[in-house]
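Novice: Read top to bottom, the protein sequences are chains A and B. All the letters of the first sequence, read from the start, carry residue numbers 1 to 306 under our numbering. All the letters of the second sequence, read from the start, carry residue numbers 1 to 306 under our numbering.
Simulated from the structure, these hints should not be mistaken for laboratory data. As the structure is a prediction and not an experimental result, all values here were calculated from the model. Each residue gets a CB set at the ideal place from its N, CA and C atoms; glycine is no exception. Please note that the accuracy of each hint is not assured.
What the hints assert, rightly or not - Residues from chain B that keep clear of chain A, each with C-beta distances beyond 10 Å, as calculated:
no. : residue
1   : Arg23
2   : Pro106
3   : Asp133
4   : Ser151
5   : Gly248
6   : Asp301
Unchecked claim - Calculated cross-link-like contacts (lysine-lysine; reagent style DSSO-like; alpha-carbon spacing at most 30 Å):
no. : chain 1 : residue 1 : chain 2 : residue 2
7   : A       : Lys2      : A       : Lys256
8   : A       : Lys256    : A       : Lys212
9   : A       : Lys292    : B       : Lys256
10  : A       : Lys303    : B       : Lys212
11  : A       : Lys303    : B       : Lys139
12  : B       : Lys139    : B       : Lys79
13  : A       : Lys256    : B       : Lys256
14  : A       : Lys63     : B       : Lys303
15  : B       : Lys303    : A       : Lys256
16  : A       : Lys2      : B       : Lys303
17  : A       : Lys292    : B       : Lys303
18  : A       : Lys212    : B       : Lys79
19  : B       : Lys79     : B       : Lys63
20  : A       : Lys256    : B       : Lys292
21  : B       : Lys303    : A       : Lys139
22  : A       : Lys303    : B       : Lys292
To be verified - Derived CB-CB ranges, DEER-like:
no. : chain 1 : residue 1 : chain 2 : residue 2 : range
23  : B       : Arg91     : A       : Arg91     : 17 to 25 Å
24  : B       : Gly81     : A       : Asp51     : 57 to 65 Å
25  : B       : Asp299    : A       : Asp288    : 15 to 23 Å
26  : B       : Phe95     : A       : Gly75     : 57 to 65 Å
27  : B       : Leu98     : A       : Glu89     : 26 to 34 Å
28  : B       : Ser282    : A       : Asp213    : 22 to 30 Å
There are 2 protein chains.
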Amino acid sequence: MKVVVVGSMAYDSVETWAGKRERALGGSATYFSLASSLFAQTDVVAVVGEDFASTDLARLGDKGVGLGGVQQVAGETFKWGGRYSRYFETRETLFTELNVFSSFEPDIPSDMRDADVLFLANIHPRLQLNVLDQMTSPKFVALDTMNFWISGERKHLDAVISKVDLLLLNDEEAFALSDSGNMLQAAEAIMAMGPQAVVIKRGEHGAWLFTKDHTGLVPAVPLHEVIDPTGAGDTFAGGFIGYLARAGEFGLESLKQAMVAGTLAASYCVQDFSIDRLEDVSLQDLADRHGKLRGIVADLDAKFVN
Amino acid sequence: MKVVVVGSMAYDSVETWAGKRERALGGSATYFSLASSLFAQTDVVAVVGEDFASTDLARLGDKGVGLGGVQQVAGETFKWGGRYSRYFETRETLFTELNVFSSFEPDIPSDMRDADVLFLANIHPRLQLNVLDQMTSPKFVALDTMNFWISGERKHLDAVISKVDLLLLNDEEAFALSDSGNMLQAAEAIMAMGPQAVVIKRGEHGAWLFTKDHTGLVPAVPLHEVIDPTGAGDTFAGGFIGYLARAGEFGLESLKQAMVAGTLAASYCVQDFSIDRLEDVSLQDLADRHGKLRGIVADLDAKFVN
Numbered sequence: 001m002k003v004v005v006v007g008s009m010a011y012d013s014v015e016t017w018a019g020k021r022e023r024a025l026g027g028s029a030t031y032f033s034l035a036s037s038l039f040a041q042t043d044v045v046a047v048v049g050e051d052f053a054s055t056d057l058a059r060l061g062d063k064g065v066g067l068g069g070v071q072q073v074a075g076e077t078f079k080w081g082g083r084y085s086r087y088f089e090t091r092e093t094l095f096t097e098l099n100v101f102s103s104f105e106p107d108i109p110s111d112m113r114d115a116d117v118l119f120l121a122n123i124h125p126r127l128q129l130n131v132l133d134q135m136t137s138p139k140f141v142a143l144d145t146m147n148f149w150i151s152g153e154r155k156h157l158d159a160v161i162s163k164v165d166l167l168l169l170n171d172e173e174a175f176a177l178s179d180s181g182n183m184l185q186a187a188e189a190i191m192a193m194g195p196q197a198v199v200i201k202r203g204e205h206g207a208w209l210f211t212k213d214h215t216g217l218v219p220a221v222p223l224h225e226v227i228d229p230t231g232a233g234d235t236f237a238g239g240f241i242g243y244l245a246r247a248g249e250f251g252l253e254s255l256k257q258a259m260v261a262g263t264l265a266a267s268y269c270v271q272d273f274s275i276d277r278l279e280d281v282s283l284q285d286l287a288d289r290h291g292k293l294r295g296i297v298a299d300l301d302a303k304f305v306n
Numbered sequence: 001m002k003v004v005v006v007g008s009m010a011y012d013s014v015e016t017w018a019g020k021r022e023r024a025l026g027g028s029a030t031y032f033s034l035a036s037s038l039f040a041q042t043d044v045v046a047v048v049g050e051d052f053a054s055t056d057l058a059r060l061g062d063k064g065v066g067l068g069g070v071q072q073v074a075g076e077t078f079k080w081g082g083r084y085s086r087y088f089e090t091r092e093t094l095f096t097e098l099n100v101f102s103s104f105e106p107d108i109p110s111d112m113r114d115a116d117v118l119f120l121a122n123i124h125p126r127l128q129l130n131v132l133d134q135m136t137s138p139k140f141v142a143l144d145t146m147n148f149w150i151s152g153e154r155k156h157l158d159a160v161i162s163k164v165d166l167l168l169l170n171d172e173e174a175f176a177l178s179d180s181g182n183m184l185q186a187a188e189a190i191m192a193m194g195p196q197a198v199v200i201k202r203g204e205h206g207a208w209l210f211t212k213d214h215t216g217l218v219p220a221v222p223l224h225e226v227i228d229p230t231g232a233g234d235t236f237a238g239g240f241i242g243y244l245a246r247a248g249e250f251g252l253e254s255l256k257q258a259m260v261a262g263t264l265a266a267s268y269c270v271q272d273f274s275i276d277r278l279e280d281v282s283l284q285d286l287a288d289r290h291g292k293l294r295g296i297v298a299d300l301d302a303k304f305v306n
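When you get a sec, could you build the whole thing from the sequences and use the hints?
Specialist: Given below as structure tokens:
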């Protein structure tokens with residue numbers, strides 16, 4: 001199955017203990033599409049400015065990402081700057097310049113409207129609704145969002161949430177959306193809003209999958225060194241959704257396996273700045289790290305009564 | 001094998017979203033011994049004041065906890081007061097009255113000195129060293145500590161750490177002790193100080209076991225409601241150490257299974273104030289919840305290459 005992702009392409013200025021990068025390729029659609037295209041044809045719908053380098057588009061194109069939905073318009077590309085504390089306990093946003101992203105009105109190219117799988121990355125929920133209307137009849141729609149929309153655009157957000165199959169968000173967002181700080185309560189409240197499944201991303205603590213009949217964790221791969229966590233959540237989403245699209249069905253077993261794919265993809269993303277490591281990841285890399293991940297939680301055997 | 005635990009017995013004043021309790025039975029040795037005695041004979045060495053109720057001692061005695069090492073002396077029992085935020089994101093200490101605990105000089109009764117398994121709960125590292133000297137030849141010694149000793153009594157603490165088999169501490173303590181906010185770096189730094197194994201407790205995110213050859217996570221059991229997390233770490237330690245003592249050996253497989261026992265015991269502890277739920281836990285309860293825990297991380301199957 002084919003995947004369409006609607007989200008941002010950006011230039012990030014990032015500072016971590018490991019160094020500083022200016023104008024590093026970023027954005028939700030960038031990270032997502034690189035991970036997703038490991039598994040399935042993935043087309044990006046996004047907007048960039050005149051300053052966006054053709055060499056950066058080529059980095060995605062070379063990996064098979066479909067760029068027919070990327071509009072280049074007058075103005076500057078979305079820019080974000082952030083600084084992380086030594087061990088990533090906190091992140092400080094230094095600036096957010098929406099630029100051309102502020103007037104982004106996604107127009108899904110006609111040859112992408114019949115995609116089976118749609119990922120609505122974090123954009124205005126009104127636009128997410130609009131994109132949904134443009135699609136013919138997607139078999140699986142997943143959504144990400146952020147606290148800004150949860151607190152400020154609740155009506156549109158609730159409307160789009162009620163129409164999607166899966167919500168994928170981090171723990172802070174899940175708590176804000178459900179008005180509960182308890183993970184199970186949050187997941188159940190979100191499923192009551194419509195989605196049959198919820199994925200709650202908890203950074204280095206892993207990601208949880210919830211359906212009516214299942215509660216499961218995939219731990220994040222512990223690493224000796226994280227270089228830059230920017231994009232890890234979008235990379236997780238890309239690995240997850242791409243895996244599902246390749247599977248071609250969305251049952252519990254596929255969802256559980258997709259969690260593993262997202263986890264492994266994200267573990268490579270954070271090992272360098274921007275997409276520098278992610279763009280070179282292969283399925284063989286994921287397979288290599290898969291055994292290690294399984295070993296972390298192998299069996300949980302114990303004996304309590306005879 | 002028999003277990004000896006040296007730690008505190010206390011009266012706690014605790015406030016959570018679920019209510020308020022005054023003079024609730026607490027202390028590291030209390031929680032530890034209740035969990036440990038599910039698996040193995042467990043003797044407590046601690047000090048209490050004149051105000052300590054015989055009915056509270058009886059609550060432990062009724063569960064088989066050995067109380068021959070509990071001295072009752074003139075003065076008041078150790079008292080601690082704390083308040084937790086709605087979802088336990090933060091804990092505020094309202095007061096700490098060490099009382100008789102401030103002049104605690106553990107004297108291990110002669111019939112407990114030959115115990116095979118020793119747990120040194122969080123007390124002054126000088127006293128931990130002293131206790132170690134009193135034991136004949138324990139086969140397995142585990143240690144807990146806290147930030148107060150890590151920052152203020154580093155020399156004594158390093159000395160005792162170099163003599164134990166396992167260090168069991170929470171993530172904040174592990175980071176402080178190793179001067180690293182990276183979990184793998186922290187665990188390796190601590191093992192380099194002497195212990196062959198380290199357990200890092202991460203609250204609702206579960207607990208990690210590290211040995212030279214193994215890195216493993218046991219997730220905490222997700223609960224719809226936590227009533228009072230006080231004592232969860234000590235209960236984990238009790239389930240963990242008690243399980244090992246029953247196994248009678250300390251190889252990797254036993255350590256891994258002990259992690260499961262600690263996790264399950266702690267999951268009951270937090271479901272009521274003080275020891276109110278924990279004191280009624282049976283091995284059958286642990287067995288009942290074990291299947292649920294295993295289901296959370298079942299197999300982590302996925303396919304990346306043919």
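Novice: Now tell me if each hint is right for this structure.
Specialist: A quick look at each hint next to the structure:
1. Arg23: Non-interface label on arginine 23 of chain B holds, nearest chain A Cβ at 28 Å vs cutoff 10 Å.
2. Pro106: Answer for proline 106 of chain B: holds, closest chain A Cβ roughly 31 Å.
3. Asp133: Since the minimum Cβ distance to chain A is about 34 Å, aspartate 133 of chain B lies beyond 10 Å and the statement holds.
4. Ser151: Per Cβ check, serine 151 of chain B is outside 10 Å of chain A; nearest 18 Å; holds.
5. Gly248: 13 Å, holds
6. Asp301: 6 Å, violated
7. A/Lys2 with A/Lys256: 20 Å, holds
8. A/Lys256 with A/Lys212: 13 Å, holds
9. A/Lys292 with B/Lys256: Holds - the C-alpha atoms of lysine 256 of chain B and lysine 292 of chain A are around 16 Å apart, at most 30 Å.
10. A/Lys303 with B/Lys212: 25 Å, holds
11. A/Lys303 with B/Lys139: 22 Å, holds
12. B/Lys139 with B/Lys79: This hinted pair is violated, its Cα atoms lying about 33 Å apart.
13. A/Lys256 with B/Lys256: 24 Å, holds
14. A/Lys63 with B/Lys303: This hinted pair holds, its Cα atoms lying about 21 Å apart.
15. B/Lys303 with A/Lys256: Distance ~11 Å between lysine 303 of chain B and lysine 256 of chain A Cα, so the pair holds.
16. A/Lys2 with B/Lys303: Holds, at roughly 19 Å.
17. A/Lys292 with B/Lys303: Distance ~14 Å between lysine 292 of chain A and lysine 303 of chain B Cα, so the pair holds.
18. A/Lys212 with B/Lys79: Judged against 30 Å, a Cα distance of about 44 Å means the pair is violated.
19. B/Lys79 with B/Lys63: 23 Å, holds
20. A/Lys256 with B/Lys292: 16 Å, holds
21. B/Lys303 with A/Lys139: Answer holds: lysine 303 of chain B to lysine 139 of chain A is near 22 Å, not above 30 Å.
22. A/Lys303 with B/Lys292: Satisfied, since the Cα-Cα distance of roughly 14 Å is no more than 30 Å.
23. B/Arg91 with A/Arg91: 17 to 25 Å: 24 Å, holds
24. B/Gly81 with A/Asp51: 57 to 65 Å: Holds, since glycine 81 of chain B and aspartate 51 of chain A (Cβ atoms, about 58 Å apart) stay within the stated range.
25. B/Asp299 with A/Asp288: 15 to 23 Å: 18 Å Cβ-Cβ, so the 15 to 23 Å window holds.
26. B/Phe95 with A/Gly75: 57 to 65 Å: 59 Å, holds
27. B/Leu98 with A/Glu89: 26 to 34 Å: Check passed, 31 Å falls within 26 to 34 Å.
28. B/Ser282 with A/Asp213: 22 to 30 Å: Cβ of serine 282 of chain B to Cβ of aspartate 213 of chain A: about 28 Å, so the range 22 to 30 Å holds.
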